Amino acid sequence: MSLISPWRADFPGILALEAEGQTYLDSAATAQKPQAVLDALLAYLSSGVANVHRAQHLPGERATRAFEATRSKTAQWLNAASAEEIIFTRGSTESLNLLAYGLEHLLQPGEQIVVSALEHHANLLPWQQLARRRNLELLVLPLDSTGSIDLQQAARLIGPRTRLLAVSQLSNVLGCWQPLSELLSLARTQGALSVVDGAQGAVHGRHDMQALGCDFYVCSSHKLYGPDGVGLLYGRREALGKLQHWQFGGEMVLDADYHEARFRPAPLGFEAGTPAVSAVIALGAALDWLGSQDHLAVSQHEAALHAELLAGLQARDGVRLLGVPQLALASFCVETVHNADLAHLLTEQGIAVRAGHHCAMPLMKGLGLSGAIRVSLGLYNDGEDLQRFFSALDNALELLR
Amino acid sequence: MNLPPAAQQALGAFSACSGWEQRARLLMQWGERLEPLSDAERVDEHRVHGCESLVWLVAENQDGIWHFRAGSEARLLRGLLAVLLARVDGLSGDKLAALDLVDWFNQLGLQRQLSPSRSNGLNAVLQRMRELAQES
Chain A
327 MSLISPWRAD FPGILALEAE GQTYLDSAAT AQKPQAVLDA LLAYLSSGVA NVHRAQHLPG
387 ERATRAFEAT RSKTAQWLNA ASAEEIIFTR GSTESLNLLA YGLEHLLQPG EQIVVSALEH
447 HANLLPWQQL ARRRNLELLV LPLDSTGSID LQQAARLIGP RTRLLAVSQL SNVLGCWQPL
507 SELLSLARTQ GALSVVDGAQ GAVHGRHDMQ ALGCDFYVCS SHKLYGPDGV GLLYGRREAL
567 GKLQHWQFGG EMVLDADYHE ARFRPAPLGF EAGTPAVSAV IALGAALDWL GSQDHLAVSQ
627 HEAALHAELL AGLQARDGVR LLGVPQLALA SFCVETVHNA DLAHLLTEQG IAVRAGHHCA
687 MPLMKGLGLS GAIRVSLGLY NDGEDLQRFF SALDNALELL R
Chain B
259 MNLPPAAQQA LGAFSACSGW EQRARLLMQW GERLEPLSDA ERVDEHRVHG CESLVWLVAE
319 NQDGIWHFRA GSEARLLRGL LAVLLARVDG LSGDKLAALD LVDWFNQLGL QRQLSPSRSN
379 GLNAVLQRMR ELAQES
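In order, the protein sequences belong to chains A and B.
This note's numbering numbers the first residue of the first sequence as 327 and each following residue consecutively.
This note's numbering numbers the first residue of the second sequence as 259 and each following residue consecutively.
Treat the hints as calculated values from the structure; they're not laboratory data.
Negatives, chain A to chain B, calculated, CB over 12 Å:
no.	residue
1	S398
2	G436
3	Q536
4	Q570
5	E577
6	V650
7	Q713
If the Cβ cut is set under 7 Å, some of the chain A residues that face chain B in the computed set are:
no.	residue
8	H664
9	A666
10	D667
11	H670
12	L671
13	E674
14	G682
15	G697
16	L725
Distance windows between CB atoms, simulated:
no.	chain 1	residue 1	chain 2	residue 2	range
17	B	G351	A	G374	52 to 62 Å
18	A	A633	B	V360	41 to 51 Å
19	B	D302	A	A633	39 to 49 Å
20	B	P263	A	D643	38 to 48 Å
Please read these numbers as outputs of a predicted model, since none were measured by experiment.
The beta-carbon is built from N, C-alpha and C at its ideal position, and this holds for glycine as well.
Bound-form chain A, shown alone (with noise of 0.2 Å):
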């Protein structure tokens, strides 16, 4: 019997999409949006829009309240100690941007920056870049054969000059969950920041801050079903004081003068001029929409997509898993056959899917790929769209070869 998603019929553009002749399977890069967060946005839009934290005036109070009631969801919502740990960015690849100039005063000349193999480029140019300014040593943490950071090898490499490491919480390519708590325990033993990449991680259950122990979280309203044009940065109230402001302008300063300037502390201090007031707004809807889902029946349907998905790959002959996918996605390539020619016929026929490097171009040098495809899984799919990607699959495959 074919899986069926209960969540489906919520998201008009996965339906939209579905009525098009186009089967979704890119979740991992962007998700479609549960009428609420539609409704949302049009709620706020059309009731008259105001600008956030500067206005006396009715509509500028109505929509600072509607603004930080995300913040204080958004804070619930990662078990964060208070909304205060909450900091709005564009999306996760500035908040990393933030932290990555933010924490540079704290580096010296020699002390390392630690990373893993498997970095997306957003978790990963940052570091390398901040590295180059400060005559840092960045290094590179290996994985083992499973696509997980190796822990042995993580033991020996962070030491005591290494004063942050930087890692993701899940692979974008190789679908499986890091040994964080493990990580985090190395870098507090050698008294180093730490920063987790939840991109992809943020997506799947929940994750309690207090309890994950890190300094910083970063993640994205996108793929979390809300708007784009969002990201959070978590930081615990210790850690989020270390930082310095990054960039300047309207409502992050206590006092101006022509020469020189007071800042405001976190977070509003790290939201210079005018947020995506009304994305903000409509992430609230995404969250509020998902903490009204039953956690376990989503963590079910996805559990039995993916293994779907994995096992209609492996009864396919030449096919090659990367990694070994724990969940939400899965890359793979076809010997003999380039991924740019799969890609292309899987366009053909309405399966969107993505293919090439996932940024994450390091990682696949190491793999010795130059690509792979990647299927990944939202709570709307449903086990017809794997049908329609196996068909696709088996068609191009018996054109290429």
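Let chain A serve as the given structure and place chain B on it in line with the hints.
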């Protein structure tokens, strides 16, 4: 407008295509017609950057006439390169500069291969040709 014979042939074949499977088969057949590049030509100097697949473009200008050869590791892209070269090979710099290559792919029913979200490299190849035509 007088099309070169190879281009005329491509137009005839592709405009008679119905459906993606036939088009894909045809592209792969055309891809096999590409004059092979030697290992010495498959080098960084001839590499067209901005493609996720490796693409090489070798351009020679003899007495104002362009002669191109191209290669890629991806088969369908080789087909796209072949129908591109069928249209541009043997043109003068002026004619190449004036040519609307997007329209050419439109005529072949292959316009989607040029969409800006594609990273197949065809756009980068077109860009490289325009640069070459302007330099000439």
